[in-house]
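**Q** Each chain, letter by letter, is given below.
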Amino acid sequence: MTTQENDDQTLMEQTNIEQASDISGQKGGIKQYISFNVGKELYAVEITTVREIKGWIPATSLPNSPDYMRGVINMRGVIVPVFDLRTRFSRGHTEPGKSHVVIIVKLDERTIGILVDAVSDILTIPQEDILSVPDKDVNPEYAFMEGLVSVEDKMVAIIKPRMLFDMNSIPDLGVAAA
Amino acid sequence: MSDPMEQFKVIFFEECSDLLISLEEGLMQLQAGDCDEEVVHSVFRAVHSIKGGAGAFGFDRLVSFAHIQETLLDDIRSGALEVEQAYMTVLLQAFDILSELVGAAQRDEEVADDFGGDVAKAMKAILDQTGVPLAEKNATKKPDIETDTAEKNARLFRILFKPYAELFQRANEPILLIRELGTLGDLTVALDVSDVPDIEEMEAEHAYFSWDFSLITEYDEAAIREVFEFVEDDCDLQITDHGVYLSPEAFVEDAQAGLFEDIEDEPDASPDVLKPRKAVKPAKSGEAVVSQSIRVELDKVDTLVNMVGELVITQAMLREQGGELLVEQYPNLVQGIEDLSRHIRDLQDCVMAIRAQPVKSVFSRMPRLVRELTASLGKKARLVMSGEDTEVDKTVTERIGDPLMHMIRNSVDHGLEMPDVRAKAGKSEEGVINLSAFHRGGRIFIEIADDGAGINKKIVLEKAIANGLVSPDANLSDEEINNLIFMPGFSTAESVTNVSGRGVGMDVVRKNIQSLGGRISIRSEEGKGSKFTMSLPLTLAVMDGMVVDIGPEKYILPLVNIIQTLRPGKEDVNSLPDGRNVMMFRGEYILLVPLYDLYHIDNAIENPCEGLVVVVEGDGGVLMGFIVDDLVNQQQVVIKSLEANYALVEGVSGATILGNGRVSLIVDISTIQDMSANQLRKFQSASPETNKISPQAQISSEIH
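Top to bottom, those sequences are chains Z and C.
All residue numbers for the first sequence refer to this note's numbering, where the first residue is 1 and numbers rise by one.
All residue numbers for the second sequence refer to this note's numbering, where the first residue is 1 and numbers rise by one.
No lab work stands behind these hints: they were computed from the structure.
Don't be surprised by glycine CBs; every beta carbon is placed ideally from N, CA and C.
Be aware that one or more of the hints could be misleading.
[Unchecked claim] Below, a list of computed lysine-lysine pairs in the BS3-like style, where the Cα atoms sit at most 30 Å apart:
1) Z:K54 with C:K554
2) C:K457 with C:K528
3) Z:K106 with C:K554
4) Z:K136 with Z:K154
5) C:K531 with C:K458
6) Z:K98 with C:K554
7) C:K528 with C:K458
8) Z:K106 with C:K300
9) Z:K54 with Z:K31
10) Z:K31 with Z:K106
11) C:K300 with C:K360
12) C:K531 with C:K511
[Said to hold, decoys possible] Label-pair restraints from in silico Cβ distances:
13) Z:P126 with C:D630: 55 to 65 Å
14) C:P331 with Z:K40: 52 to 62 Å
15) Z:K106 with C:L559: 29 to 39 Å
16) C:N603 with Z:V138: 39 to 49 Å
Kindly produce the complete structure, drawing on both the sequences and the hints.
**A** And the structure:
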């Protein structure tokens, strides 16, 4: 998949989203997501937040940073931090090779990269198909999970990167070793 | 479409801020006893122009206040009043009120009815002393003394000028004629746009406007005719002599003059808002200078700076790649890359110079601050400024305002004594604060010196002990005690005043300055005063750096801090009991800072005798030796923010992009200094009794 396609879809989708409206609980909206693998698990982020998908390039590590912070890369003159999603979920450390990709997402004013194993698919999901995360209410650390969806009998967890990598308020994940 | 009036308002306020600056400058000069005629004129003109513009927009409060001020200044200008210190105080107060009124008008705020009333009264009182009541003055005096004398035999002419449609085809331009006419005397212009046809019928090259001028001049009709000499055949021209001119009520008209002097070339921009105006007065046109500067939107300049930044990175890449080429094989290419490097460096200097601003823009806020402070504290102080023209990048001027204000406040509040105390100590009652700026060694230095009481070391030490910042048995040098005032939560004021001493203190000032890559130091002598010196980089966008290897990583050290690089012999390196290493350097033991350890970098050279030691100067002139693997090269780096997309990283002031496209981090020397001190804390807190940081350990670690 190229960035060009990505942008086109982003544009197309933006109109859809405007119509669909973001009011939670409202049924009938359709959103598109990019799904990706970390190990055997499938995750997805909303396509409108994705700016670019890059092959892994070695990052400059930042001292005294959380272990899931893989360092910073140069994206056309802008310094972008790259986070290891696997480490964030305490599933170990990704040893990135040529097949690994960094998904560049835009969170409000910030641009960050998320290191994942591979991009899987573009999903078009009606909002009513998104199922809630069990126990989410009692586990505040699951706030980064928007919901679960079943695609071709596989579970995809839709995540909100903002909740995972917002430097101002990183919720202390019970599962994270940091 | 934006309202044209709004657009003019923006211009007006931009000009106001310039005018206010020059007004204050002038007043300061007058206060300093420099009663040069030019200075008086410039002060008068500034008030006059503000009043003029304000009148055009109907800022009545501003106009009426400025009018009194103007009248007073006019008396000074005409010699009716001598400049006296008593007046100066009133004039300076009036300046403050005027700036407030301008600010209020700009923010579209209402001001209290009695705002500035006492100052206005004081000015009126001075005017009354001169014998001529204010009201009468308005009626009988023109603001310009030049025209004053001229008007004795001035005549009023009415000139009707109606160009034929073909005027432009003969290469004539009415505005030039009007300007010329303006040089003859006091000109009022009324524009007649009644002949302007509908847009469909309009011929682009036809002249449709006509004018009705009133000219007060001592020249005769022939002189006026001469102005129109070349257009005589292309227009209807009527000149009528209305006889000897007796000054009518000049004020309202006058009020409308200022603004339109500057937009006079755009009669078609908003014909409906054009009011009769006076053109440039003869006295002014003589001084009129062709503007040597243009206003450019900041965004455009910033884009330019960013692009040049990218260019510098690309150039570094080319140079790196070019270094591998064989000169014999590609002599021209190698030479070309060299030339390119030089040109880009020059280009960058030029671009940075565009953003450079004199520190005047920051300094100019200080006299007023001192005035207000001394008034509210009952002290007497004089602010002496020098080097206001020293230039520094906008990014720096923008951010030194607050720290500087805080320091000035500090000097007035804590530094200077009350007048009676000063008198007892044999000093003049009026304290002097010197604020100066100068360039040295690629940095800008700003010094704030007062001749006050200096830092009372005893009180400072007691306070520090009481606050638990220092252990009671600590033995501190004078310099260490002076530096205590930079500690968080430190305030020596015996009572917390509303001026300073609100908990945020010099520690915040130091933090702010450090975050700019600057340093601050203090020298103080009890009874004689204190001097704060800060040194700041000239720009926050680029710096000269030394690229060093630490393990697999490349870091940048700011070149300005580097004293020397050396490889010590085994016998030069010694250990302290806490495990840290020191090295003899220029007759002193300096601490060796293991950067690899502070940055947690694996596979770096840990033994300074195998790697290199870069001796750097930290805060307060403290020398440290940074242990690195090797030096790579020296180059100019473009500073990029890590915070934009991530967060502040301890020990790192920013990042840059090297020639190979990789990101490299810039070492923040002052936080490294703190981090290295914290290592000591770790050592002490690792003592068996407790894992928590003992207060003692914290104290000794912070006072290094």
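**Q** Against each hint, give a clear statement of whether it holds in the structure.
**A** Outcome of the hint check:
1. Z:K54 with C:K554: Within the cut-off at roughly 23 Å; holds.
2. C:K457 with C:K528: 13 Å, holds
3. Z:K106 with C:K554: 28 Å, holds
4. Z:K136 with Z:K154: Holds, at about 20 Å.
5. C:K531 with C:K458: 18 Å, holds
6. Z:K98 with C:K554: Holds, at about 23 Å.
7. C:K528 with C:K458: 16 Å, holds
8. Z:K106 with C:K300: 25 Å, holds
9. Z:K54 with Z:K31: With a Cα-Cα distance of about 23 Å, the restraint between K54 of chain Z and K31 of chain Z holds, given a limit of 30 Å.
10. Z:K31 with Z:K106: With a Cα-Cα distance of about 17 Å, the restraint between K31 of chain Z and K106 of chain Z holds, given a limit of 30 Å.
11. C:K300 with C:K360: 23 Å, holds
12. C:K531 with C:K511: Holds, because 18 Å separates the two Cα atoms, which is no more than 30 Å.
13. Z:P126 with C:D630: 55 to 65 Å: At roughly 59 Å between Cβ atoms, D630 of chain C and P126 of chain Z fall inside 55 to 65 Å, so the hint holds.
14. C:P331 with Z:K40: 52 to 62 Å: 58 Å, holds
15. Z:K106 with C:L559: 29 to 39 Å: 35 Å, holds
16. C:N603 with Z:V138: 39 to 49 Å: Holds, at about 45 Å.
Figure legend: structure checked against the earlier numbered hints; every hint is met.
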